[in-house]
Each structure stands twice: as structure tokens, then as C-alpha cells.
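So the protein lines, in turn, are chains A and B. Residue numbering for the first sequence is -17 to 317, as defined by this note's numbering. Residue numbering for the second sequence is 36 to 363, as defined by this note's numbering.
The reader is advised that the hints may include incorrect statements.
Rough simulated footprint, nothing fancy, chain B against chain A, three-plus residues with beta-carbon under 8 Å [what the hints assert, rightly or not]:
(1) 109 to 115
(2) 123 to 134
(3) 297 to 304
Here are the in silico distance ranges between beta carbons for each label pair [said to hold, decoys possible]:
(4) Val286(A) - Arg40(B): 54 to 64 Å
(5) Val286(A) - Leu222(B): 36 to 46 Å
(6) Ile124(B) - Val290(A): 24 to 34 Å
(7) Ala208(B) - Gly138(A): 32 to 42 Å
(8) Trp328(B) - Thr143(A): 16 to 26 Å
(9) Gly232(A) - Asp275(B): 38 to 48 Å
(10) Val157(A) - Leu172(B): 34 to 44 Å
(11) Gly88(A) - Pro326(B): 26 to 36 Å
(12) Ala278(B) - Val286(A): 16 to 26 Å
(13) Pro326(B) - Thr143(A): 16 to 26 Å
(14) Ala278(B) - Gly232(A): 21 to 31 Å
It is worth saying that the hints were derived from the structure and are not from the lab. Every residue gets a Cβ at the ideal spot worked out from N, C-alpha and C, and that includes glycine.
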Amino acid sequence: MSDASSTPQPRHIPDTLGTRWGRRLRSWETLLIAVLIAVFTINALSSPYFLNAWNLSDATFNFTEKAMIAFAMAMLVIAGEIDLSVAAIIALASTAMGHAATLGFGTPALVAVGLLTGLACGAFNGLLVARFNLPSIVATIGTMSLFRGISFIVLGDKAYTEYPDSFAFFGQGYVWWVISFELVLFAVLALLFWVLLHRTSFGRAVYAVGNNPTAALFSGIRVARVKFMLFLLTGLTSGIAAVCLTARLGSTRPSIAFGWELEIVTMVVLGGVNILGGSGSIGGVVLAAIIMGLVTFGFGLMNVPGIVMSIFIGLLLIAVIGIPRLVSPQSRRVE
Amino acid sequence: MTMRRLLQSREAILLAVLVAMVLAIAARFPQFAAPASLANVFNDTAILIILALGQMVVILTRCIDLSVAANLALTGMIVALASLAAPAIPVPLLILMALAIGGALGAVNGILVWKAHIPPIVVTLGTLTIYRGVIFLISGGEWINAHEMSDAFKAFPRTVILGLPVLSWIAIATVALFAVLVTRMPLGRAFYAVGGNPHAAVYTGIDVGRTRFAAFVISGALAGLCGYLWVARYAVAYVDIAAGFELDVIAACVIGGISIAGGIGSAGGAVLGALFIGVIKNALPVINVSPFWQLAISGLAIILAVAFNARAERRKGRVILKRAEQAA
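Whole structure, please, built from the sequences with the hints as guidance.
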């Protein structure tokens, strides 16, 4: 022992935290996969109707549209901002499409109208937050009232229902057997957003902005532009979701997609994205979306009312965020 | 405070806008500005005022409470069920019950923020859905209608004392209480300290977590009180009462100049913000504009108010720098 104290020994400092597989095993995504398997098993055991290709296909509609927005929302939350106006953008885009349909526009034009309305709303949010430096949580509460408010002004207590037959494909069409168009779109968007967030310099910039906007600015990242682009993306995906949802329902009311913003934020947070910004992954959001969809579907099969399942989602949300913080003080110190 | 600063304050500007709005409407529709009509507008806005004051203390500490409307609906349902089961319960006891239940629901939020260190927006998003779900569980999705409630239960908020209904008096009393709380009491000052600079607050001996907990309990208790008032006034209780009302409450605070970043705001601002929304809501039918315009107008008002808040806060920073330059 005395030798050791007289000659200083080189200290071994690990350059990674455990092995690659060790880290993966302890990751948030692994926990979500375990939850997903549990939910799937419980559902399969408790209802004979669960393991049916068509029923499972129907179940996917519970999450596909919300998840499309959740991908963009995840990136926005990672960058330290939030957009509470997404459901209102759906309402406005759907109203714009309904109005265009009554003017006799064809299906391609309707889709264009929906996507452009989404983009325009996203640009407006981006302008308020990135250009005028308004706090996104209140600015988007404002635009949420504004966008849905315009919908209410246009429609009042009426509804648009005159959509061309070919338009229904986006919400009711099947690409192959039980694989719906929406499910394919969900998968394609998941892949695109995974590449964008995890494999491009823009994705790295998003993490940098969320962790420390000042440091990001000094390292040459155009913080305002990144934020503006993210609001555009959220607006665009809300437009896409509006096309799918409107086509699926075949009608537009101003109350369409009411309260979705909270479900989408829940999906993002459940997916392991830090609500304070800086960390999260698309894979986690995909898993969270599927879990929420299957839970809704499973409760539905057991004739449990939707509102009871919202209790479950609320508890899940608080539990998944709270338990790791209570168990390991380390994750608390990060704040 | 000098006269000039008083005139430039957020409250003075809001008050001027509010008076201008009422005068503009009165120019064409004089009946709107009649005292009885204005008293009616105030009474209609009373619940929003009370909730905005509760939300204000939460926002002052850099938190947010999205669960107030769900808390209101749940407490309202419990009180209505209690009154249904035992009509003999006197109203004052019901009000105490509402305050206690609401406070307990707020304490749940507070504990999760304080002890579990979960961001307030996540906590209250979760409890918002949970509380709504619990209403369904305890009511079985049924409505409690006017004819099932006792007369005393319904009459209390409408009883007229000195020309105003009790509901209005409760709002006035809450305003007075909060004006004293946030300007004259240690707890009120602690709200500002915690929101203005949490680290500095710790060094001055303020327990940040406990102060936030207190803010959530206050907000919850007021939401509970409003639960009874709402159910008694509208004489109906069901799962979806006041759905989405939390956003009106936050809008009132933002319009009233309460900074979402914490530490800035006044009771007067919250009241004027709530009255702004209340006047718009009540004026639209009078000036023959479809009530469907209300949502878009309050949305626009929120955006303008946020932009205004941001500018006001920035300008303050610049003035300090200029003074420092002059001093150097």
C-alpha cells in the first residue's frame, strides 16, 4: 500500500458509460419495448378479438395521425420549444380544404390546400417565436385560439361534407391487404424524421439549440432559423394529419381534433423526450405512439370508456417521468 | 410611484383599453354601459377573475397549472353529489368542502412538482386528464341537473347583497385578499422571489419547492371554490363542464401582463386581463357579432399581449444599461 501512495498510479477513467449493449439495455427505448410487449400480451390474453389482422389494422388509426405530428413535435421539444396550436392547425387546414371542396377543387388541389395551410400556420408560429422572441408556450396558446377561432368564424355550427370520392383514400385507403395508407405514411415519416434528427447536421443542431441556445449561437448555429424550420415542420405535419383525418371522417367541423395537442405532447414525453429540451429520440416516440394506440384499442375491446383510459394515460405520463427522478437523484441533478 | 410611471404601467394601459372598448360599444349600444349591464358582465366574469388570481401566483413562481378547469369540474361534481346524498349539509360547509377538496387536488400537483421534480407542465397535463377521468368514474357519466339540486345549493351565488350577487362579492373579496397577499405578505413576496430568480431565492432563505407547493395549493383551493360556484350558478354538473377553460385563465393572466417566465405581474393585471376577456365575451352578442368570433379575438389578444409583454421586458433591460453607461 505504501508503494502505491508514493508512486502515483495512472487512474483509469472510462471514456464510455458501460458497454454499448449495457447502455442499450438500460435505455428508455428498452423500457418502452417492455411496456409494449406487456400491453400486447395483456390485450391478447384478455380479449379473443385482439389477435386479428383487421382489428389490429383498425387499432393503428388510433395513433397514426397523432404520431405524424408527434415526430415534428419531438424535434421542437428537443430544441426547447413547444407548439400547442397543432390541433387548431388541423382544424384550420381541414376547414380550408372543406371550403376548397365546395368550390369544386379536385383531390390533388385539396391536398395542396391542406398542406399549404399547415405550412402557413407553422410559418406564423415560427415568426412569432423565432423572429419576435415570444415564449412559445403562450404564443402558441394564442395561435391555437386564433386558428381554431377562424375555423369557428367560417363554419359556425355547420360542417363541410362535400369531399370528392377519391379524397377518401388518404384516410380510408389500403395499400396492401390490411396495411392502410396511413400506416405506410406513418412508417415513411418515422424513417424520414429518424434520418433528419439522428443522421443530419440539422438534427445535431436541434440538440445543440435545446441544450444551450447561447452556446449553439456562438458555435455558428443559426438558432432562430433552426427554430423557424421546426415550426414549419410541425405545421406541415399538422397539415398532413389534417388531410388524413378529414379524409377518414369525410367531414369537417370546427371542433375537429379537439384536445389533440395534449395527447401529442403526452406521446412525445412518454417517448422519452425531455420536456425541458436537449434529449430524446424518434424511436422512443414511435414506441410511445404504438403503446398509446394499443392501450386505447385494448380498453375499447374490453368496453372500457375512452375517458377511463385517459386516466391511465395521465398516470402513465406522471409515472414514467416521476419514477426515474425519484429513484436516481442523478437524473434530477441534470436540471 | 410617480404619476408618470403609474400612467405608463401595464394596468393603466389595460384599463384605458378596457374603458375605450366599453365606451366604443356604448356609443352605438348605450344599454351595454348601463350599470346593471356592467354589473352583469362583472358577475359573468367573476369565476374567471378568481381562477386567474390563483393561476397568477402559480405563474409568478415560474410554474403553470393546466389542471384548474379539471379540478373545478371534479370538485363541483363531488360537492353536487354530496349535496344530493345529504341535502341537509349547509352551504357554508359545502364551500369549505370545495376549498378543501380543491386544495388537496392542487396539493397533488404541488407535491409532484416539489418532491418528484417533474416539470409543472407535465404534472398538470397528467392530472388534467386524470381529474376529468375521475369525474366520469364517480358520476358514471351521468348529469346532475337543476331539479336534483336543493334550492339553497343553487340560490347562494345568486343571492343579492347591496345590489350585487354573492358571486360578485366573492370575486371582489378574492381580489382584495390577493392584492394584500402578493404585495404585503412574506409568502406573496416569496412567489416573486422564486420566479424572478430561484437561485437567489434559495440564498435569501426561501424554500423554492415549498413556495411552489403553496402556490399550487392556493390555485387548487380557488379552483375548488369555483367548482361549487360554477355548478350552483349554471345548475348542472357533468364530466365536461368548463372544458378548455384553463386556457381562458392563462389567457387572462397573459393579457394582464403576468410574465410566463415568472416573477412579474400584479393582482390588478390579472383582474383586468380577465375583465378584458369577459367584456369581449359579453359584448359580441350586443353588437350583433356571432359568438363564434370570440375564440379568434381572444387568440389575437393573447398574441398581442405576449408581444407587448416581451417588448416591455426588453425595454426595461435597455434602460438599466443606459444608466450604467451614463454612470461610467
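Results for each hint:
no.: 1; hint: 109 to 115; in the structure: holds (count 3)
no.: 2; hint: 123 to 134; in the structure: holds (count 11)
no.: 3; hint: 297 to 304; in the structure: holds (count 5)
no.: 4; hint: Val286(A) - Arg40(B): 54 to 64 Å; in the structure: holds (59 Å)
no.: 5; hint: Val286(A) - Leu222(B): 36 to 46 Å; in the structure: holds (43 Å)
no.: 6; hint: Ile124(B) - Val290(A): 24 to 34 Å; in the structure: holds (29 Å)
no.: 7; hint: Ala208(B) - Gly138(A): 32 to 42 Å; in the structure: holds (39 Å)
no.: 8; hint: Trp328(B) - Thr143(A): 16 to 26 Å; in the structure: holds (24 Å)
no.: 9; hint: Gly232(A) - Asp275(B): 38 to 48 Å; in the structure: violated (25 Å)
no.: 10; hint: Val157(A) - Leu172(B): 34 to 44 Å; in the structure: holds (40 Å)
no.: 11; hint: Gly88(A) - Pro326(B): 26 to 36 Å; in the structure: holds (35 Å)
no.: 12; hint: Ala278(B) - Val286(A): 16 to 26 Å; in the structure: holds (21 Å)
no.: 13; hint: Pro326(B) - Thr143(A): 16 to 26 Å; in the structure: holds (23 Å)
no.: 14; hint: Ala278(B) - Gly232(A): 21 to 31 Å; in the structure: holds (25 Å)
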